[in-house]
Amino acid sequence: MSLFSIADLHLSLSTDKPMDKFGSRWKSHAEKIEKNWRAIVSPADTVVIPGDISWGMSLEESRADLAFIHSLPGKKLIGKGNHDFWWSTAKKMTEVLEENHIQTIKTIYNNAHLLEDCIVCGTRGWFYDKNDPAAGDDKIFKRELLRLEASLQSAGELPKTVFLHYPPKYKGYECPQILQLLEKYDVRSCYYGHLHGASHGLAVEGLWNGVEFRLVSVDRLNFQPYRVLL
6 MSLFSIADLH LSLSTDKPMD KFGSRWKSHA EKIEKNWRAI VSPADTVVIP GDISWGMSLE
66 ESRADLAFIH SLPGKKLIGK GNHDFWWSTA KKMTEVLEEN HIQTIKTIYN NAHLLEDCIV
126 CGTRGWFYDK NDPAAGDDKI FKRELLRLEA SLQSAGELPK TVFLHYPPKY KGYECPQILQ
186 LLEKYDVRSC YYGHLHGASH GLAVEGLWNG VEFRLVSVDR LNFQPYRVLL
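When the letters of the sequence shown are read in order and numbered with our numbering, they come out as residues 6 to 235.
Just so you know, these hints were derived from the structure itself, not from any lab. Since no wrong hints were added, every one of them can be taken at face value.
When the alpha-carbon atoms are kept at most 25 Å apart in a straight line, the in silico DMTMM-like pairs for lysine to aspartate or glutamate are as follows:
hint, residue 1, residue 2
1, Lys37, Asp21
2, Lys26, Glu66
3, Lys22, Glu66
4, Lys80, Glu39
5, Lys80, Asp224
6, Lys111, Asp122
7, Lys189, Glu217
8, Lys147, Asp191
9, Lys22, Glu36
10, Lys40, Asp50
11, Lys37, Asp25
12, Lys32, Asp224
13, Lys144, Glu179
What follows is a list of derived Cβ distance ranges for each label pair:
hint, residue 1, residue 2, range
14, Glu162, Phe90, 33 to 39 Å
15, Lys189, Gln108, 30 to 36 Å
16, Asp21, Glu100, 26 to 32 Å
17, Asp143, Arg43, 40 to 46 Å
18, Asn214, Asp25, 34 to 40 Å
19, Pro23, Ala72, 18 to 24 Å
Computed from a predicted model, the values in this text were never measured in an experiment. Here a beta-carbon is modelled for each residue, glycine too, at the ideal position from N, C-alpha and C.
All chains should be modelled from the sequences, with the hints used to inform the complete structure.
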């Protein structure tokens, strides 16, 4: 079994939200993802998708996107991103997945998942953005910290790999509370998305304070899942 990750799929199979307005490389990006995914991911593998999965505004609008992900090889663990307005409660998400016979997708939400060699933990995370009205909301921030710690606490003593949507650290900014949790729970590696285009240059990657950081946004990876190093 191998573990992969790819964030920010930004699918819109049942909504009118083409991504090529962000550059020609995004043209037919869902087809690129499918081709590359099928070339390297086997049914025995697991792929973590840390947020910004679908442009749908409701679970109904995102149904086709979830079905697309389900059709791809491997098990999938999905987390919430800042554009996942369709994301509902854990109970409702489970119900919708079961109703649509989507057995290969599970959520990372106040929980952890045991794989062969590690525990997968995660949440949306936090990111200060002056253009995002929610970025200054202290309640949301504290809730994300609680979710991450709940995920880490449920992992026990096995090696932990964390997947966040927002980068906990990038050039010119860091979220000390999240970084402290990674240190407190002896996290080995942290994968994140959210940064696109020119913002790739802000990414902090490599070993920092004992944690291996890696940006896995879909355009950074040229639309191919990244094999996670455990």
